[in-house]
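Participant: Modelling step: build the complete structure from the supplied sequences, incorporating the hints.
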Amino acid sequence: MDLYTETILDHYEHPHHTGTLASPDVHVAEYNLLCGDRIELDCAFTNKGAIADVAFVGSGCALSQAGMSILSDWSIGKSRNDIAALSHDDVQSMIGSPITPARLKCALLGLGALKRIYEPYHSNS
Amino acid sequence: MTIETIKKEFPIFSRRINGKPLVYLDNASTSQKPSAVLDALTNFYTTSNANIHRGIHTLSEEATERYEATRKSVARFINAAVAEEIVFTKNCTESINLVARTWGHASIRRGDHILVSALEHHANLIPWQELARKKHAKLFVIPLTSSFELDMEAYDKLLSRKTKIVCVTTQSNVIGTRPPMKEMIKKAHAVGARVMVDGAQSVGHQRTDVVSMGCDFFAFSAHKMLGPTGVGVLYADYDILETLQPFLYGGDMVTSVEREHAVYRDAPWRFEAGTPNIADVVAFRAAIEFLEEIGMDTIESHDARCVAAAREALAGFARVRVFAPESGASCVAFTVDGIHPHDVATIFNSEGVAIRSGLHCAEPLVKDLGVPALSRMSFYLYNTMEDVAVARQALEKVFRIFSLTSNP
Numbered sequence: 001m002d003l004y005t006e007t008i009l010d011h012y013e014h015p016h017h018t019g020t021l022a023s024p025d026v027h028v029a030e031y032n033l034l035c036g037d038r039i040e041l042d043c044a045f046t047n048k049g050a051i052a053d054v055a056f057v058g059s060g061c062a063l064s065q066a067g068m069s070i071l072s073d074w075s076i077g078k079s080r081n082d083i084a085a086l087s088h089d090d091v092q093s094m095i096g097s098p099i100t101p102a103r104l105k106c107a108l109l110g111l112g113a114l115k116r117i118y119e120p121y122h123s124n125s
Numbered sequence: 001m002t003i004e005t006i007k008k009e010f011p012i013f014s015r016r017i018n019g020k021p022l023v024y025l026d027n028a029s030t031s032q033k034p035s036a037v038l039d040a041l042t043n044f045y046t047t048s049n050a051n052i053h054r055g056i057h058t059l060s061e062e063a064t065e066r067y068e069a070t071r072k073s074v075a076r077f078i079n080a081a082v083a084e085e086i087v088f089t090k091n092c093t094e095s096i097n098l099v100a101r102t103w104g105h106a107s108i109r110r111g112d113h114i115l116v117s118a119l120e121h122h123a124n125l126i127p128w129q130e131l132a133r134k135k136h137a138k139l140f141v142i143p144l145t146s147s148f149e150l151d152m153e154a155y156d157k158l159l160s161r162k163t164k165i166v167c168v169t170t171q172s173n174v175i176g177t178r179p180p181m182k183e184m185i186k187k188a189h190a191v192g193a194r195v196m197v198d199g200a201q202s203v204g205h206q207r208t209d210v211v212s213m214g215c216d217f218f219a220f221s222a223h224k225m226l227g228p229t230g231v232g233v234l235y236a237d238y239d240i241l242e243t244l245q246p247f248l249y250g251g252d253m254v255t256s257v258e259r260e261h262a263v264y265r266d267a268p269w270r271f272e273a274g275t276p277n278i279a280d281v282v283a284f285r286a287a288i289e290f291l292e293e294i295g296m297d298t299i300e301s302h303d304a305r306c307v308a309a310a311r312e313a314l315a316g317f318a319r320v321r322v323f324a325p326e327s328g329a330s331c332v333a334f335t336v337d338g339i340h341p342h343d344v345a346t347i348f349n350s351e352g353v354a355i356r357s358g359l360h361c362a363e364p365l366v367k368d369l370g371v372p373a374l375s376r377m378s379f380y381l382y383n384t385m386e387d388v389a390v391a392r393q394a395l396e397k398v399f400r401i402f403s404l405t406s407n408p
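Note that the protein sequences, when read in sequence, are chains U and A.
Be aware that the first sequence starts at 1, since it is given in our numbering, and climbs by one per residue.
Be aware that the second sequence starts at 1, since it is given in our numbering, and climbs by one per residue.
Read the hints as simulated data drawn from the structure, not as lab findings.
Small disclaimer: the values here were computed from a predicted structure and weren't measured.
Hints may be right or wrong, so weigh each one.
Unchecked claim - Among the chain A residues that face chain U by a calculated CB cut under 7 Å, a handful are:
1. His340
2. His342
3. Asp343
4. Pro372
5. Ile401
What the hints assert, rightly or not - Pairwise CB distance ranges, derived in the manner of DEER restraints:
6. Glu13/U / Lys367/A: 23 to 33 Å
7. Ser87/U / Arg76/A: 50 to 60 Å
8. Ser147/A / Lys115/U: 40 to 50 Å
9. Arg109/A / Gly19/U: 16 to 26 Å
10. His189/A / Asp2/U: 51 to 61 Å
Backbone N, C-alpha and C fix where the C-beta goes; we use that ideal spot for every residue, glycine too.
Facilitator: Shown next as structure tokens:
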């Protein structure tokens with residue numbers, strides 16, 4: 001089964017950066033309403049507005065939760081421009097599994113959450 | 001043709017999915033089509049294609065005759081008194097919208113009560129939400145009991161002289177619950193309410209008799225009962241149907257037209273504006289005849305055997321929760337502790353097994369069940385005990401991939 005690689009399953013069973021931050025600069029949420037997938041993401045910024053730390057809590061399929069875990073690892077130290085430039089293809093290659101169109105929205109849930117942290121509405125930096 | 005050998009009548013079962021023979025357990029979404037239906041479709045386009053109710057040439061007469069022959073078959077199939085009680089639409093959803101927009105628009109007033117059951121598919125919920133909003137009427141929900149049946153005591157309390165329509169399905173598309181239709185309809189009529197029945201899940205799976213059921217409106221789709229997509233049916237008691245204003249306006253639904261006004265045809269043609277889905281309606285007749293040849297009672301008991309086998313197979317897994325109302329038919333909904341239904345469905349698909357996962361177009365019902373989403377196996381006449389066994393193996397694979405023991 002190609003989709004459920006060891007990487008995906010490992011991140012799903014032992015996700016990185018889970019929980020909440022003691023004093024987050026922003027708190028965002030992203031949902032796949034049709035699947036019932038959910039991610040809530042805390043983020044703290046450096047003085048220059050880059051990502052200092054993230055933490056998430058979520059529920060949903062393996063792909064959505066593992067995807068957020070993988071993106072959390074990647075995101076530390078990244079700037080607003082890095083996040084803005086992050087594409088669907090980038091996420092797919094980070095996940096590394098072939099993803100069918102029906103499962104794409106699961107894989108991209110974490111990307112949606114990351115993009116939200118720099119939305120003016122949420123940001124105080 | 002017998003139910004034991006029926007799979008070979010369906011060409012799609014020669015397909016392989018991910019290298020495995022197709023095991024199709026998503027029949028509550030749509031059914032597969034037998035050669036008889038595919039041949040009828042090709043035959044119509046090859047020999048009789050023309051527009052209906054218009055020409056006096058041979059092809060138009062033949063097309064009209066074949067289109068109207070399906071109307072008669074449908075009436076016979078659900079035991080409607082006359083073929084004129086059958087309206088063709090594009091799907092079950094459109095049939096229900098037709099009732100909400102015509103009967104509902106004319107009959108619902110501020111403060112009236114509309115009752116919908118907790119089991120409803122979005123198709124028999126949202127049209128009534130909209131109607132209630134526009135008319136300042138009140139929408140009430142007939143709740144579920146803890147055993148996933150409709151709560152008849154609560155229903156009795158909700159019913160009153162203010163109730164103008166009760167909207168209820170013959171069978172839940174998610175958990176298979178079959179409400180007591182005759183009892184519910186009798187009680188609704190006793191307070192002067194009409195009853196809108198969504199028959200989409202049951203009409204291809206059990207004998208339907210709209211007269212003995214006593215419903216005012218009964219909606220369903222051809223595609224869930226071996227027929228083509230794009231054909232819906234609305235049955236309505238003719239005494240009601242003939243009083244309703246048209247739903248859509250244009251060609252074919254008129255008897256005479258002047259620049260400023262038009263005279264509309266009698267029901268049911270008044271509700272079929274524009275060129276209808278002629279070929280698919282024609283081919284739908286072959287689906288009905290196919291079902292009649294097998295026999296609806298045979299199909300119902302075959303479904304029941306599949307459901308019993310599936311429930312038994314799932315009962316072997318402690319981590320699996322099965323939603324099994326006593327009245328449940330044709331499908332088995334389940335969740336796997338610790339694994340999202342989309343992951344379950346993806347792994348089933350890798351074994352060639354098609355199941356549905358998610359909210360099943362019944363989001364409020366899934367919330368009532370207390371789960372974020374669920375998986376569903378739904379059966380039909382071509383499914384076999386072997387299919388259930390393959391599904392069971394697929395479930396074992398789910399546990400293997402996620403390194404969970406199936407019985408913690």
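Participant: Does each hint hold? Answer for all of them.
Facilitator: Hint-by-hint comparison with the structure:
| no. | hint | in the structure |
| --- | --- | --- |
| 1 | His340 | holds (4 Å) |
| 2 | His342 | holds (4 Å) |
| 3 | Asp343 | holds (5 Å) |
| 4 | Pro372 | holds (3 Å) |
| 5 | Ile401 | holds (5 Å) |
| 6 | Glu13/U / Lys367/A: 23 to 33 Å | holds (27 Å) |
| 7 | Ser87/U / Arg76/A: 50 to 60 Å | holds (58 Å) |
| 8 | Ser147/A / Lys115/U: 40 to 50 Å | holds (44 Å) |
| 9 | Arg109/A / Gly19/U: 16 to 26 Å | violated (54 Å) |
| 10 | His189/A / Asp2/U: 51 to 61 Å | holds (57 Å) |
This entry does not satisfy hint 9, going by the numbered hints stated previously; all others are met.
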